[in-house]
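Protein chains: 2
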Amino acid sequence: MAQPAHPWYTWSHQITIWGILVQIVCLDLEGVLVPEVWIAVAERFEVAELRLTTRDVSDYDELMEHRIRTLRSEGITLTDIQETIGGLAPLDGAREFLDTLRENTQVIILSDTFEQFASPLMKQLGRPTIFCNELFADEEGYVSHYHLRQADGKRQAVLALHSIGFEVTAVGDSYNDLTMIQTADFGALFRPPKSITEEYPTLPSFEDYDGLLGFLLADTRADRTL
Amino acid sequence: MAQPAHPWYTWSHQITIWGILVQIVCLDLEGVLVPEVWIAVAERFEVAELRLTTRDVSDYDELMEHRIRTLRSEGITLTDIQETIGGLAPLDGAREFLDTLRENTQVIILSDTFEQFASPLMKQLGRPTIFCNELFADEEGYVSHYHLRQADGKRQAVLALHSIGFEVTAVGDSYNDLTMIQTADFGALFRPPKSITEEYPTLPSFEDYDGLLGFLLADTRADRTL
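Protein chains in written order, with the working numbering: chain R, 1 to 226; chain S, 1 to 226.
Hints are not guaranteed to be accurate.
What the hints assert, rightly or not - Capping the alpha-carbon separation at 25 Å, the derived lysine to any residue pairs in SDA-like fashion look like this:
1. S/Lys-123 with S/Glu-36
2. S/Lys-123 with R/Glu-96
3. S/Lys-123 with R/Gly-214
4. R/Lys-123 with R/Ala-218
5. R/Lys-123 with S/Glu-103
6. R/Lys-123 with S/Lys-194
7. S/Lys-123 with R/Glu-103
8. R/Lys-123 with S/Leu-21
9. S/Lys-123 with R/Val-107
10. R/Lys-123 with S/Glu-167
11. S/Lys-123 with R/Ala-89
12. S/Lys-123 with R/Ala-218
13. R/Lys-194 with S/Leu-213
14. R/Lys-194 with R/Phe-215
15. R/Lys-123 with S/Phe-215
16. R/Lys-123 with S/Ala-40
17. S/Lys-194 with S/Asp-208
18. R/Lys-123 with S/Leu-213
19. S/Lys-123 with R/Gln-124
20. S/Lys-123 with R/Lys-194
21. S/Lys-123 with R/Leu-125
22. R/Lys-123 with S/Asp-99
23. S/Lys-123 with R/Pro-90
24. R/Lys-123 with S/Glu-36
25. S/Lys-194 with R/Phe-215
26. R/Lys-123 with S/Glu-62
27. S/Lys-123 with R/Asn-104
28. S/Lys-123 with R/Leu-213
29. R/Lys-194 with S/Glu-167
30. S/Lys-123 with R/Leu-217
31. R/Lys-123 with S/Ser-119
32. R/Lys-123 with S/Gln-124
33. S/Lys-123 with R/Leu-21
No wet-lab data here; the hints were simulated from the structure.
Given only the sequences and the hints, what does the whole structure look like? Please build it.
Written out as structure tokens, the structure reads:
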């Protein structure tokens, strides 16, 4: 290996300065790429109780206990739910949005949903990577237990990505996305309820995929600063 | 919300016991899913110096310095390299293997390569999520700098996934995969050099995708224990 004489070549070519970081985008699933799954189940089986979300019952465990009881009392099995979800499609334009995004940067879906619910929708979205939770059914086929990967999982995922050198941009639509968005380097809302935009008026907010894509793929950091 | 009388319903349905963890698979890229990129560049431009890998020069920075100098002295630009990579295809059967795996579990590619090299191959693999590094070219188009997301990035990624509640299975073919494999909960080699199988005789090792898929999708942990 002959060494060129110019002293420049003796310097390291590795860039380690702060500010040059590999980018990754974390997206919420329901409301951002696909319809709200529990709402779809509530409508299909005409069970109003299943329309309750974290907007109505702030304690997630309490909400899930209620859903599990209601499903059993209404005779709705995990297979019934999965069939309902199998009939859903991603939101209009979501697949094209996600394809364009994945051509340009790395993407991970961060969701509070369950793998057993997400799978048929993930297939239609081109199998992006998703970090979510798991459900278990009993011998009769009813949802009996659930396993949350961890508490405040979306925010913890952003912290984990930070710990391995990523600059994270996070997008969500709901209250359960706010810690993720606020922990990320950059963040935005997509079709949020009015109450959130009123509480967080400085967060960029988008109603269509073209606008969101422009934000996510902006060349200059200034365009994406919170 | 009527509460059923049975006391079982007053228990939490959340499973938090150890041993029930969401699965994720981390795969090396070159040698596991696609050909070795630097070897392809060395062959296309007939520059033997570019055939050197971490097997020959154990210090990664030293190896990259040497590659950057050689590319410049041989007049090979980043665009030339990208065109060469654009002409490569994934290994026979890699896309089908990865599609089947992604239908069944979450997958992240952990690679020491650069986004600028990986992108055309990622497209052919259906855009799986990849954690890798970044390259920069100067005004003449020559590779001038590189940015490693962090030192020992593959192992750190496994630790980060552990920190957010995943059980990780890691697969690689080379010396730079060993810390990742040994940090993961389960691990295997795919088409490794003989020297590695001799040094690590207890690591499961596979020569074809069907065997590897059987290992990765095994129902029982016992089948996948290191």
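Hints, verified against the model:
1. S/Lys-123 with S/Glu-36: holds (17 Å)
2. S/Lys-123 with R/Glu-96: holds (15 Å)
3. S/Lys-123 with R/Gly-214: Given pair S/Lys-123, R/Gly-214 holds - Cα atoms ~21 Å apart, limit 25 Å.
4. R/Lys-123 with R/Ala-218: Distance of about 28 Å is beyond 25 Å: violated.
5. R/Lys-123 with S/Glu-103: Satisfied, since the Cα-Cα distance of roughly 8 Å is no more than 25 Å.
6. R/Lys-123 with S/Lys-194: violated (38 Å)
7. S/Lys-123 with R/Glu-103: Cα-Cα ~8 Å, so holds.
8. R/Lys-123 with S/Leu-21: The hint holds at about 22 Å.
9. S/Lys-123 with R/Val-107: holds (14 Å)
10. R/Lys-123 with S/Glu-167: holds (23 Å)
11. S/Lys-123 with R/Ala-89: Holds, at about 24 Å.
12. S/Lys-123 with R/Ala-218: holds (22 Å)
13. R/Lys-194 with S/Leu-213: violated (47 Å)
14. R/Lys-194 with R/Phe-215: The given pair, whose Cα atoms are some 20 Å apart, holds under the 25 Å limit.
15. R/Lys-123 with S/Phe-215: holds (23 Å)
16. R/Lys-123 with S/Ala-40: violated (33 Å)
17. S/Lys-194 with S/Asp-208: holds (16 Å)
18. R/Lys-123 with S/Leu-213: holds (19 Å)
19. S/Lys-123 with R/Gln-124: Roughly 17 Å separates the two Cα atoms, so the pair holds.
20. S/Lys-123 with R/Lys-194: Distance ~38 Å between S/Lys-123 and R/Lys-194 Cα, so the pair is violated.
21. S/Lys-123 with R/Leu-125: holds (15 Å)
22. R/Lys-123 with S/Asp-99: Cα-Cα ~10 Å, so holds.
23. S/Lys-123 with R/Pro-90: Between S/Lys-123 and R/Pro-90 the Cα gap is close to 22 Å, so the pair holds against 25 Å.
24. R/Lys-123 with S/Glu-36: The hint is violated at about 30 Å.
25. S/Lys-194 with R/Phe-215: Since the Cα atoms of S/Lys-194 and R/Phe-215 sit roughly 49 Å apart, the hinted pair is violated (cutoff 25 Å).
26. R/Lys-123 with S/Glu-62: Cα-Cα ~43 Å, so violated.
27. S/Lys-123 with R/Asn-104: holds (11 Å)
28. S/Lys-123 with R/Leu-213: Given pair S/Lys-123, R/Leu-213 holds - Cα atoms ~19 Å apart, limit 25 Å.
29. R/Lys-194 with S/Glu-167: violated (39 Å)
30. S/Lys-123 with R/Leu-217: Cα-Cα ~18 Å, so holds.
31. R/Lys-123 with S/Ser-119: Holds - the C-alpha atoms of S/Ser-119 and R/Lys-123 are around 21 Å apart, at most 25 Å.
32. R/Lys-123 with S/Gln-124: Judged against 25 Å, a Cα distance of about 17 Å means the pair holds.
33. S/Lys-123 with R/Leu-21: Status holds; Cα separation ~22 Å.
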